[in-house]
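Participant: Sequence:
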Amino acid sequence: MLGSLDVTTGDALRSFHDALDQAQQSLQRDEKRLSATVQLLSDLTLEVDHLKAERAPSSATCQRREALQAEKVKALQHTRHQREAIAATADHIQHLQAPRLKLTKRVDALRIDVKVLRRQYGLRAAQVHAFIAQFLQPQNSLENLRCQLAQLQQEHATQAEAVKMAQRRLEEQKADLAALEAADRLGTTSDSNGNATAGNGKAPRTKSGDEAAAVSTLATGGNDVQLDAADEECAADVPLFTEAERCAEATRRRSAQVAAHKSAETQQVEERTRLEALRVDLKRRVLLLCQEIEEADAAQQREQKAYHDALNDAVGEADGGVLRQCKRCSCDLFGGFS
1 MLGSLDVTTG DALRSFHDAL DQAQQSLQRD EKRLSATVQL LSDLTLEVDH LKAERAPSSA
61 TCQRREALQA EKVKALQHTR HQREAIAATA DHIQHLQAPR LKLTKRVDAL RIDVKVLRRQ
121 YGLRAAQVHA FIAQFLQPQN SLENLRCQLA QLQQEHATQA EAVKMAQRRL EEQKADLAAL
181 EAADRLGTTS DSNGNATAGN GKAPRTKSGD EAAAVSTLAT GGNDVQLDAA DEECAADVPL
241 FTEAERCAEA TRRRSAQVAA HKSAETQQVE ERTRLEALRV DLKRRVLLLC QEIEEADAAQ
301 QREQKAYHDA LNDAVGEADG GVLRQCKRCS CDLFGGFS
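Start counting the sequence shown at 1; every next residue gets the next number (the UniProt record's numbering).
Hints listed in this document are in silico derivations from the structure and should not be mistaken for laboratory results. Positions of the beta carbon are idealized from the N, C-alpha and C atoms, including for glycine. Watch out, some of these pointers could steer you wrong.
As the list claims (entries may be wrong) - Beta-carbon label-pair distances, calculated as ranges:
#1 Gln-304 with Ala-150: 50 to 56 Å
#2 Ala-150 with Arg-118: 56 to 62 Å
#3 Thr-79 with Leu-13: 31 to 37 Å
#4 Thr-79 with Ser-4: 36 to 42 Å
Take these sequences, add in the hints, and give me the full structure.
Facilitator: Okay, structure coming up:
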């Protein structure tokens with residue numbers, strides 16, 4: 001549209017410049033004729049004065065002088081009309097150039113705004129791509145995170161199995177401890193009945209012997225196999241706090257296993273929380289990126305709409321505010337736009 005307007009305006013300007021050149025040439029010719037007429041008038045005036053001095057003026061000389069004066073007045077009027085036409089043509093050309101200058105300034109401003117928006121969009125897109133790229137790296141990929149989660153779950157299952165085994169061992173140790181306590185009570189009862197046992201001609205069993213028998217019974221898994229005399233003596237030498245130490249060791253191991261299990265569960269919960277936070281943050285940033293892209297597209301569409309509206313308004317103003325006909329030839333200056 002601007003190109004067509006420029007072509008039509010250029011044609012109009014060339015026609016106006018041609019008319020202006022013709023008017024200036026005609027004005028120069030008229031000025032030459034006027035100067036010649038003035039020179040002739042001065043010569044004739046001198047001649048008339050000379051003739052007046054010599055004789056009375058004749059009627060032919062008076063008529064010639066009047067004709068020269070009429071020609072002078074006519075030349076002055078024509079020169080004035082030419083100058084007025086030149087001034088009107090210059091005003092008309094300036095009036096035609098005003099909308100084009102306004103549109104040119106508006107187009108330059110819109111181009112600058114579009115360049116700024118493109119630069120901002122490019123920078124923002126680069127930042128978003130860099131942000132997304134760090135989540136697409138191998139160590140931060142979804143498959144790697146799933147593998148880590150599977151490993152954590154496997155470790156959790158292993159630790160849970162270890163805890164169950166520790167609980168079973170603890171139950172077994174509690175059962176052993178209960179058996180030892182029962183054997184201890186049985187040994188005390190045997191001490192109270194020691195004299196009766198001696199009167200029957202049987203060897204008395206001491207508390208240590210009973211405890212050793214209980215230990216040997218537990219060691220053989222509850223079977224009714226009896227130990228020989230040497231094994232009984234060795235079992236009698238075993239102190240009572242060995243089972244307490246075993247219970248303490250089992251309790252300590254169970255506490256360590258429970259603490260490790262709790263630590264693993266806590267670490268797994270923290271890892272799940274971190275992964276969930278990363279997922280939520282990634283989703284939020286992706287939504288924010290989509291929103292910013294939509295806002296940038298909407299802003300670009302608004303700028304394009306404003307640009308086209310400005311062009312349409314300028315064309316409408318040109319149709320309503322600029323003279324459509326030339327003052328000299330009365331031709332339609334905007335006939336080529338339809």
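Participant: State for each hint whether it applies.
Facilitator: Verification of the supplied hints:
1. Gln-304 with Ala-150: 50 to 56 Å: 51 Å, holds
2. Ala-150 with Arg-118: 56 to 62 Å: With Cβ atoms ~46 Å apart, the hint is violated.
3. Thr-79 with Leu-13: 31 to 37 Å: 24 Å, violated
4. Thr-79 with Ser-4: 36 to 42 Å: 38 Å, holds
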